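Enquirer: The primary structure of each chain is shown beneath.
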Amino acid sequence: MDALNAIVLLSNFVLLPAVSYGSQLALGALGITLIYGILRFSHFAHGDVMAFATMAVILVTWWLQGMGVSIDPLPTALLALPFGIAITALLLLGTDRAVYRFYRKVRAAPIVVVMASLGVMFVLNGLVRLIIGPDDQHFADGARFLFTVREFREFTGLDEGIGLRVSQLITIVVTLVVVAALFWFLNRTRSGKSMRAFSDNEDLALLSGINPERVVTVTWLIVAVLVTVAGTLYGLDKSFKPFTYFQLLLPMFASAILGGLGNPLGAVAGAYVIALSEVGVTYAFRKFLQYLLPENLEPSGLAQLLSTDYKFAVSFVLLVLVLLFRPTGLFRGQSI
Amino acid sequence: MIRVENLHKHFGGFHAVDGASLNISEGSITGLIGPNGAGKTTLFNVIAGVLKPTSGHVFMAGEDITGLEPHELFHKGLLRTFQIAHEFHSMTVRENLMMVPPRQAGEGLMSAWFQRARVRHEDEEIRRRANEVLEFLTIDHIADEKAGQISGGQKKLLELGRTMMTDARIVFLDEVGAGVNRTLLNTIADAIVRLNKERGYTFVVIEHDMDFIGRICDPVICMAEGKVLAQGSLDEIKANEQVIEAYLGTGLKNKVTAEGGHV
Chain A
-7 MDALNAIVLL
3 SNFVLLPAVS
13 YGSQLALGAL
23 GITLIYGILR
33 FSHFAHGDVM
43 AFATMAVILV
53 TWWLQGMGVS
63 IDPLPTALLA
73 LPFGIAITAL
83 LLLGTDRAVY
93 RFYRKVRAAP
103 IVVVMASLGV
113 MFVLNGLVRL
123 IIGPDDQHFA
133 DGARFLFTVR
143 EFREFTGLDE
153 GIGLRVSQLI
163 TIVVTLVVVA
173 ALFWFLNRTR
183 SGKSMRAFSD
193 NEDLALLSGI
203 NPERVVTVTW
213 LIVAVLVTVA
223 GTLYGLDKSF
233 KPFTYFQLLL
243 PMFASAILGG
253 LGNPLGAVAG
263 AYVIALSEVG
273 VTYAFRKFLQ
283 YLLPENLEPS
293 GLAQLLSTDY
303 KFAVSFVLLV
313 LVLLFRPTGL
323 FRGQSI
Chain B
73 MIRVENLHKH
83 FGGFHAVDGA
93 SLNISEGSIT
103 GLIGPNGAGK
113 TTLFNVIAGV
123 LKPTSGHVFM
133 AGEDITGLEP
143 HELFHKGLLR
153 TFQIAHEFHS
163 MTVRENLMMV
173 PPRQAGEGLM
183 SAWFQRARVR
193 HEDEEIRRRA
203 NEVLEFLTID
213 HIADEKAGQI
223 SGGQKKLLEL
233 GRTMMTDARI
243 VFLDEVGAGV
253 NRTLLNTIAD
263 AIVRLNKERG
273 YTFVVIEHDM
283 DFIGRICDPV
293 ICMAEGKVLA
303 QGSLDEIKAN
313 EQVIEAYLGT
323 GLKNKVTAEG
333 GHV
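As given, the protein sequences belong to chains A and B, one line each in that order.
Here the first sequence is numbered in our numbering, starting from -7 and rising by one per residue.
Here the second sequence is numbered in our numbering, starting from 73 and rising by one per residue.
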């Protein structure tokens, strides 16, 4: 019984949050890795594009709510998602036209393009704060819980319980659908194969009749979907604040690099590793150990490795370790 | 077929191609020879659209194709291979071949979703063609290997195979025989001649192996220092004083004289 309680406790406070946070990171990291593989630069504006995309979804959500539209018990934001994706796609294609295309034409060094994306980051940073402000915005509506901790306890008779939030369930289901669709696209369709070909060997792809501008456009469209879905899920699960989204840049890059930049499967795996480490390292294991250990061995402290203030350090440490010992990442992406 | 007029390509102060002019006639297998650094590969790159010329023009069947993008030239039927074999390393050998045919139905995002039957049918057709090509090149046993892991010689065959997957009009082969053993070289030579006869491909071949050139190429163009030195049959080229000076070396000259003009 104690062991069961310990597992339930861990599932509620570590596994479930890590899986949903990991899913959100995975979608973000997939965008980064696709841009790196095909456009060949590190997209530093990714966090702020995510903030912009989520802002677009929030604004449409508010508008829909104002019109009295609702899909209760699901959050209205899901209905606003396609609009957000369209707006983000326009933004990304617009910045590509205005900024990145020039650097592609002159075949600029990747670092130059990275710096350009840093500039785009600052512009978006300001734009988002100008439109929606720097504060927290709540836009989740509909049911909060599929079942609460108390309901779970009463149902199973255990001392501990699992509460499954609707936002967590939506995150996991939507991520599964989006990732499955992406892999189907990359492996089964001609457009997807053109993208992989372009990522493998740009020169040969050009001489095989693959139109680079087409590949680039399709890439940005896919990134728009990924980034909007990721940002909206994160916002529903926690809350929306532009600065938090900017901060997500680090764990997202860490995920993509950990898995091997340019390798989509690696990005997903990396994201779950990062999320699990971040949540695991900052979780206080005292109660968990109390269930498992005999009384005389029970820890007197919290058994927490790091305070939650340090959760970003986890990404950093994993990033450094990977760069030191396996620069191509776990799944052998392009080395950086 | 291809007419190059007074083509220049400068990299800073270095004139890689320095006023080259030449004609490649339709249906020929033209050999392009010359010492290392003569500008052969740069000339290929400019014609294939990889590099923009500093000045000069390239015409294909009378149409000015100077400065067109590589993928546009591909759709006009102009293909090239690389001196160092290129491949899509994360795809299988068969997938590499299946990438080539242009205007596949699955290319459009919409048709990929809504015309599944047509896409699948076309896919089968292309797969069949890829299998034929693999068999023709005697590499059907590695069809499902990752292209990044096959040998250098096999990559060369794959390069040639790529040109067989579409209806090319002219194919530029850059040192297709480099690093390839005799048997494989014969296979390649046979494939080139057969493609030329059966499908009417025009070939331009950069090669250092004179036997290979002598066996399949007529005419032969010799370049040195970014210029075209001479054009003619291999025997004429071998007898040309300038060519001997620049490329074939005096050793061969002695041999030519000793054997009375025949090598």
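Some hints could be false.
Some chain A residues near chain B, calculated using beta-carbon distances under 7 Å [as the list claims (entries may be wrong)]:
| id | residue |
| --- | --- |
| 1 | Ala189 |
| 2 | Asn193 |
| 3 | Val309 |
No lab work stands behind these hints, which were simulated from the structure alone.
Model, not experiment: these values are computed from the prediction.
The beta carbon of each residue, even a glycine, is placed where N, CA and C say it ideally should be.
Enquirer: Each hint: holds or not?
Expert: Results of checking the hints against the structure:
1. Ala189: This interface hint holds because 5 Å falls under the 7 Å limit.
2. Asn193: 5 Å, holds
3. Val309: 30 Å, violated
Hint 3 from the list above is the single one not met by this structure.
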